[in-house]
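Asker: Here is what each chain is made of, one letter per residue.
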Amino acid sequence: MSGVRVLVGTRKGAFILTSDGKREKWDVSGPLFAGWEMYHLKGSSVDPNRIYASQTSGWFGQVIQRSDDGGKTWFQPGTPKGEETGPGGMPKGESNKFVYDVSTGSGKPLTTHQWYDGTQHPWEFKRVWHLEPSLTEADTVYAGVEDAAIFKSKDGGKTWQELSGLRGHGTGPQWQPGAGGMCLHTIVLDPSDPRRIYIAISAAGAFRTDDGGETWKPINKGLHSLYIPNPTAEVGHCVHHVAMSPKRPGVLFMQKHWDVMRSDNAGDSWTEVSGNLPTDFGFVIDVHAHEPETVYVVPIKSDSEHFVPDGKLRVYRSKTGGNEWEPLTKGLPQENCFVNVLRDAMAVDSLDKCGIYFGTSGGQVYASNDSGDTWKAIVHDLPGVLSVEVQTLK
Amino acid sequence: MIRVVLPQHLRTLAHVGSEVQIEIQGTVTLRSVLDGIEAQYPMLQGTIRDHVTQQRRPFLRFFACGEDLSHESPDAPVPDAVVAGTEPLLIIGAIAGG
Chain A
1 MSGVRVLVGT RKGAFILTSD GKREKWDVSG PLFAGWEMYH LKGSSVDPNR IYASQTSGWF
61 GQVIQRSDDG GKTWFQPGTP KGEETGPGGM PKGESNKFVY DVSTGSGKPL TTHQWYDGTQ
121 HPWEFKRVWH LEPSLTEADT VYAGVEDAAI FKSKDGGKTW QELSGLRGHG TGPQWQPGAG
181 GMCLHTIVLD PSDPRRIYIA ISAAGAFRTD DGGETWKPIN KGLHSLYIPN PTAEVGHCVH
241 HVAMSPKRPG VLFMQKHWDV MRSDNAGDSW TEVSGNLPTD FGFVIDVHAH EPETVYVVPI
301 KSDSEHFVPD GKLRVYRSKT GGNEWEPLTK GLPQENCFVN VLRDAMAVDS LDKCGIYFGT
361 SGGQVYASND SGDTWKAIVH DLPGVLSVEV QTLK
Chain B
1 MIRVVLPQHL RTLAHVGSEV QIEIQGTVTL RSVLDGIEAQ YPMLQGTIRD HVTQQRRPFL
61 RFFACGEDLS HESPDAPVPD AVVAGTEPLL IIGAIAGG
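As they're listed, the protein sequences go chains A and B. For reference, each letter of the first sequence is one residue, going 1 to 394 in this note's numbering. For reference, each letter of the second sequence is one residue, going 1 to 98 in this note's numbering.
Hints listed in this document are in silico derivations from the structure and should not be mistaken for laboratory results. Be a bit skeptical, because a hint or two may be false.
Far from chain B, some chain A residues (derived; all Cβ distances over 12 Å) [as the list claims (entries may be wrong)]:
id, residue
1, G35
2, E94
3, L189
4, T271
Ranges of calculated distance between the beta carbons of each label pair, as one might list FRET restraints [claimed, not checked]:
id, chain 1, residue 1, chain 2, residue 2, range
5, B, P58, A, E293, 42 to 50 Å
6, A, V99, B, F63, 28 to 36 Å
7, A, K126, B, P77, 45 to 53 Å
8, A, K330, B, Q40, 50 to 58 Å
Quick caveat, the model's predicted, so the values are computed rather than measured. Ideal placement from N, C-alpha and C gives every residue a C-beta, glycine not left out.
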C-alpha cells in the first residue's frame, strides 16, 4: 500500500503528517524538537527511513538531527542516545560543526562578503537552511548554510566538509545578504549526472558545478534585477528558489525575488515566464512529478508586504512551462487571508495523481491529491511553517 | 563536584534534568567547567560556546552566587561556593524577543 510522509519544519518544532495513497485522512505527530526552529527536514530517496533535520536556535546555534526509522526516533549523528564513544571513535558533537575552509590549498582564504551597507563583512556561520540527501548514497548529504556555503557529509551527517570551490569562485566579495540573511537555500541534484549540482544563494544568484563540487560557475545570464547597481550583473541576484523535474534534468524553473524564470539549458541562460501572474514576486516554485511542463508558484504581493494579494491564497499553475498561468483556489481561503509561503515550503509527491503540498506563515499545511485542482488543509494551527518536504512511500 | 544548571532546551538536547554535576581536575574556571560539560555531554558542543572561536554564544549568560560572570575571563577562577558545590553555576538564555 503506497502512502506519503510529509515533513514539516516550523518556527517552533517539526511535525510529521502521514497518510495512505488516497491522501484524504491524515495522522499528525509532533512537535519534535519543540521550541526550536526547524529550518528543514528531508528524507533520503535511497533509504526513506533515513531523514536528516536542521534544528537551530538564535541562542544555542546549529544542531543536526538524524532518524533511521522514518522519524520515530532521532539522534545527533555520531552521538547516539546513551552511547559512549570510545578512543578512536567518532568525536561526539562534530555533527554540529560547520567550519569554513580557508586553507590556501583548497578553499582560498576568502573571508569577507558584502554587507547591507556595502562594506565588507566577515563570513560567519549561522545555521543550516537546507539539507539535500544524495540520490545514490544514504550516508551522503549536502547542507546549504548561512553565511552562504555548501557543505558535504559522507558519513551520515557525523562530520561536514565545505565544498569550498563555490566560495572560492572569486565573486564572494560581491555576494550580499537578503532580508533573511545571506543563505544558500536551494540544492538541486541532477539524477542523470551525479557530478552536476545546482545551488542558489540570496543574494548572489544561482551556481552550477559539473565536477561534483570542485568548481562552480554562476548561471545568471538573462536575470534582470532592478534592485542592484548593474541589473544584469554576473552575481548579486536574489534568487528565491529553483526547481527541476527529475524526469527532465536540465530544464530549470526559478522564482526570483521578482520574476519567474525558465532555463532549457541547465541554467546557461534564462528567460522570463511570469506571463499573466498577478504579481511575479514570490518564494516557492515546484514542478509536477509526471508533467515536466506543469509548474506551480504562489504569488506574493510584494517584497514590502510579504503576503498574498487581495487577501486570497491562490496557487498558480502553468501547464505550458510558464507564461500562461491559472489560479487554483478550490479549498483555499479567498478572503481575509494574509499569509506568506516561504521558499522551501512546497513539495510534490510522485503518486498518481500528483500530490502538491505547501505550508504557510500562518501555520496551515495544505494538500492537493489531484495535481492542484482542489485543496484541503491537513492542519490549521501549527507554528509558522518554514519548510515542507514529502516522501512517497511504496 | 561542580553543579551546573542548564537552560531548558539544552537539558532536552542532553537528555538530562535541570542540574548536572561535573568533575573538574585542577583550578575550576569557566573554561574548565565548559570543557567538562562538553566532555560529559558532547552533544552540547557548539551550543554554549561557538565551535570555532570558543566564544560564549551572544544570547547566553553565566551567573553564580548572585554575580554575573558572563564577561569574566574564561580563565578566572569561579567563586569558592561553586568550587565547593554549595552553589551552582547558572547558564541562562537571555530574554530576547517578546
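Asker: Hint by hint, note whether the structure agrees.
Answerer: A quick look at each hint next to the structure:
{"no.": "1", "hint": "G35", "in the structure": "violated, 6 Å"}
{"no.": "2", "hint": "E94", "in the structure": "violated, 8 Å"}
{"no.": "3", "hint": "L189", "in the structure": "holds, 27 Å"}
{"no.": "4", "hint": "T271", "in the structure": "holds, 43 Å"}
{"no.": "5", "hint": "P58/B - E293/A: 42 to 50 Å", "in the structure": "holds, 48 Å"}
{"no.": "6", "hint": "V99/A - F63/B: 28 to 36 Å", "in the structure": "holds, 30 Å"}
{"no.": "7", "hint": "K126/A - P77/B: 45 to 53 Å", "in the structure": "violated, 33 Å"}
{"no.": "8", "hint": "K330/A - Q40/B: 50 to 58 Å", "in the structure": "holds, 56 Å"}
The earlier numbered hints that this structure contradicts are 1, 2 and 7.
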